[in-house]
Amino acid sequence: MINKMAVNVAGVDFKNPLITASGTFGYGREYEQFFSLDKLGGISIKGTTDKPRMGNLSPRIAETPMGMLNSVGLENPGIDYFVEKTLPWLLTKNTTIVANIAGSTPEACAEVAEKLDATDIHMIELNISCPNVKQGGAAFGTSAKAAYEVVSKVRQKTKKPLMVKLSPNVTSIVEIAKAAQSAGADALSLINTLLGMRIDINSKRPILRNNVGGLSGPAILPVAIRMVWQVYRAVDIPIVGGGGISSAEDAIEMMIAGASAFQVGTAIFTDPYTPINILNDIDKWMTENNIKNINEIVGTVLEW
Amino acid sequence: MIKAIAEIIKKDCLQSGTYSFILKNKQVAQEAKPGQFINILIDGFTLRRPISICEIFEDSIRIVFAVRGKGTAKMAEWDVGKKVDIIAPLGNGFKDAASGEKLLVVGGGIGTPPLLELAKRSNYVKSILGFRNKDMVILEEDYKKQGTTVVCTDDGSYGENGFVTKFLIQSLETEKFDRIAACGPKPMLKAIAEIANKYNVFCEISLEERMACGVGACLGCQCIIEKDGKKQSAHVCKDGPVFKSCEVLL
Numbered sequence: 000m001i002n003k004m005a006v007n008v009a010g011v012d013f014k015n016p017l018i019t020a021s022g023t024f025g026y027g028r029e030y031e032q033f034f035s036l037d038k039l040g041g042i043s044i045k046g047t048t049d050k051p052r053m054g055n056l057s058p059r060i061a062e063t064p065m066g067m068l069n070s071v072g073l074e075n076p077g078i079d080y081f082v083e084k085t086l087p088w089l090l091t092k093n094t095t096i097v098a099n100i101a102g103s104t105p106e107a108c109a110e111v112a113e114k115l116d117a118t119d120i121h122m123i124e125l126n127i128s129c130p131n132v133k134q135g136g137a138a139f140g141t142s143a144k145a146a147y148e149v150v151s152k153v154r155q156k157t158k159k160p161l162m163v164k165l166s167p168n169v170t171s172i173v174e175i176a177k178a179a180q181s182a183g184a185d186a187l188s189l190i191n192t193l194l195g196m197r198i199d200i201n202s203k204r205p206i207l208r209n210n211v212g213g214l215s216g217p218a219i220l221p222v223a224i225r226m227v228w229q230v231y232r233a234v235d236i237p238i239v240g241g242g243g244i245s246s247a248e249d250a251i252e253m254m255i256a257g258a259s260a261f262q263v264g265t266a267i268f269t270d271p272y273t274p275i276n277i278l279n280d281i282d283k284w285m286t287e288n289n290i291k292n293i294n295e296i297v298g299t300v301l302e303w
Numbered sequence: 000m001i002k003a004i005a006e007i008i009k010k011d012c013l014q015s016g017t018y019s020f021i022l023k024n025k026q027v028a029q030e031a032k033p034g035q036f037i038n039i040l041i042d043g044f045t046l047r048r049p050i051s052i053c054e055i056f057e058d059s060i061r062i063v064f065a066v067r068g069k070g071t072a073k074m075a076e077w078d079v080g081k082k083v084d085i086i087a088p089l090g091n092g093f094k095d096a097a098s099g100e101k102l103l104v105v106g107g108g109i110g111t112p113p114l115l116e117l118a119k120r121s122n123y124v125k126s127i128l129g130f131r132n133k134d135m136v137i138l139e140e141d142y143k144k145q146g147t148t149v150v151c152t153d154d155g156s157y158g159e160n161g162f163v164t165k166f167l168i169q170s171l172e173t174e175k176f177d178r179i180a181a182c183g184p185k186p187m188l189k190a191i192a193e194i195a196n197k198y199n200v201f202c203e204i205s206l207e208e209r210m211a212c213g214v215g216a217c218l219g220c221q222c223i224i225e226k227d228g229k230k231q232s233a234h235v236c237k238d239g240p241v242f243k244s245c246e247v248l249l
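Residue numbers (numbering that gives the first Met the number 0), protein chains in the order written: chain A, 0 to 303; chain B, 0 to 249.
Just so you know, the hints here were simulated from the structure itself, not pulled from any lab data.
Beta carbons: idealized from backbone N, C-alpha and C, even for Gly.
Fair warning: there could be bad hints in the mix.
As the list claims (entries may be wrong) - Some, not all, of what chain A presents toward chain B, calculated at C-beta under 10 angstroms:
{"hint": "1", "residue": "Lys45"}
{"hint": "2", "residue": "Leu56"}
{"hint": "3", "residue": "Ile60"}
{"hint": "4", "residue": "Ala61"}
{"hint": "5", "residue": "Tyr147"}
{"hint": "6", "residue": "Ser151"}
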């Protein structure tokens with residue numbers, strides 16, 4: 000029997016279109032206490048850099064209406080630790096593993112990609128959009144020229160399918176998307192978090208020790224849908240859509256806007272079973288609407 | 000650790016803005032240890048609210064919380080019969096109580112509830128509870144049942160006048176204790192850690208930090224610990240909330 004939920008993104012097979020978003024799911028260890036990881040289409044790992052990073056000072060979390068801010072700042076044990084200690088375990092989990100990587104220079108990103116090239120990882124997701132690190136991160140993602148440069152450098156060092164994660168904190172995401180495509184990206188993922196801020200009115204201190212942080216959660220869904228729709232019309236490579244998805248309806252909407260697969264993140268904090276619930280509800284929706292293959296709906300928006 | 004439904008079977012208002020719930024769920028109650036916490040879903044809010052466990056019974060647990068914002072204000076409206084979605088029990092609690100051990104408990108304000116279950120399990124406990132003023136005093140009777148209890152207020156409006164540190168030093172000067180367990184505001188914990196170090200008493204402190212996932216995945220609630228002379232990252236939800244006071248940098 001054909002798996003009606005299976006998708007393929009840039010040559011990479013996912014048993015279903017749901018990928019847990021980087022930074023919200025660690026490496027899956029904690030959530031394995033709730034459900035088997037083989038239920039997931041894929042896991043995008045915690046953003047990984049060339050060297051270990053301590054991240055930003057606490058507080059790193061602030062709640063917002065229908066969402067949250069974070070300023071974790073890419074805390075991670077570094078690529079060598081990941082490749083040696085975590086990846087072998089992850090590869091036994093019978094799901095597609097996407098390595099989310101970042102760096103403070105194009106060379107640092109390329110070095111991480113090169114180290115992954117020698118492993119059995121299924122896909123690389125280059126984060127050019129982290130709003131929480133001073134150098135690199137978002138700086139690459141907010142100019143087409145810088146995006147082109149970093150994607151080219153990484154492309155030269157890896158044959159792995161390369162997905163580039165885009166920042167929404169730009170004037171034209173289409174321009175950055177096109178730059179990433181022409182630099183050799185095989186796929187795009189969008190959106191990363193939107194830069195935001197909250198202030199405690201009594202102390203007049205920003206709630207985040209980093210002052211600013213990335214906004215995620217249901218509040219950003221319409222921004223993500225709009226950007227996926229815009230980018231889908233402008234590029235030829237597949238898109239993994241994410242940002243605020245918390246239900247099957249949100250996920251289906253994202254695919255209709257143009258996403259070949261989707262990421263779920265912040266909603267997992269609200270309910271760890273969100274990925275399982277979304278998959279069950281999509282299945283039900285497909286049956287009710289006589290949809291034989293989930294790929295049928297991708298980019299089917301009937302715009303006015 | 001499970002995601003579970005727990006029914007509120009008792010609700011009390013301890014002081015204006017401070018509430019006590021007894022939540023019924025046998026599996027959670029049987030797994031729970033002193034110092035652990037639960038993460039509570041509130042409809043309409045993205046993030047759960049982490050609240051420490053105050054007491055553990057056969058098939059229920061008690062939590063005590065203060066209204067601090069919109070989420071806890073919503074919780075305060077809940078009543079007996081409400082079925083609450085929780086993830087529990089979470090984190091690492093206090094070292095188990097050992098018989099023959101003399102425990103000194105030091106709690107400040109809304110930091111007093113997480114220490115009660117440990118106090119109950121100790122053969123010998125002295126409790127020092129500090130509050131801003133008379134209107135903030137909670138759990139005095141609960142602690143008095145466990146042993147000698149000193150209640151102090153910053154303004155002297157109830158009990159002894161002064162900070163908990165004053166009575167902690169007095170206690171350590173007059174009696175030999177094997178361990179200290181503390182919870183409260185960071186400056187208080189910092190002072191207690193220094194005193195414990197000076198008197199060379201094993202001391203654990205329970206920390207609070209803004210959290211998202213509550214299970215160790217998002218890395219939102221970092222604190223810095225020092226082990227073997229090296230600074231390391233730890234996370235309050237998974238590595239804590241209880242840490243050895245000599246290891247955590249406050």
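Notebook entry, point to check: Any of the earlier hints contradicted here, and which numbers?
Noted result: Per hint list: 5 and 6 violated.
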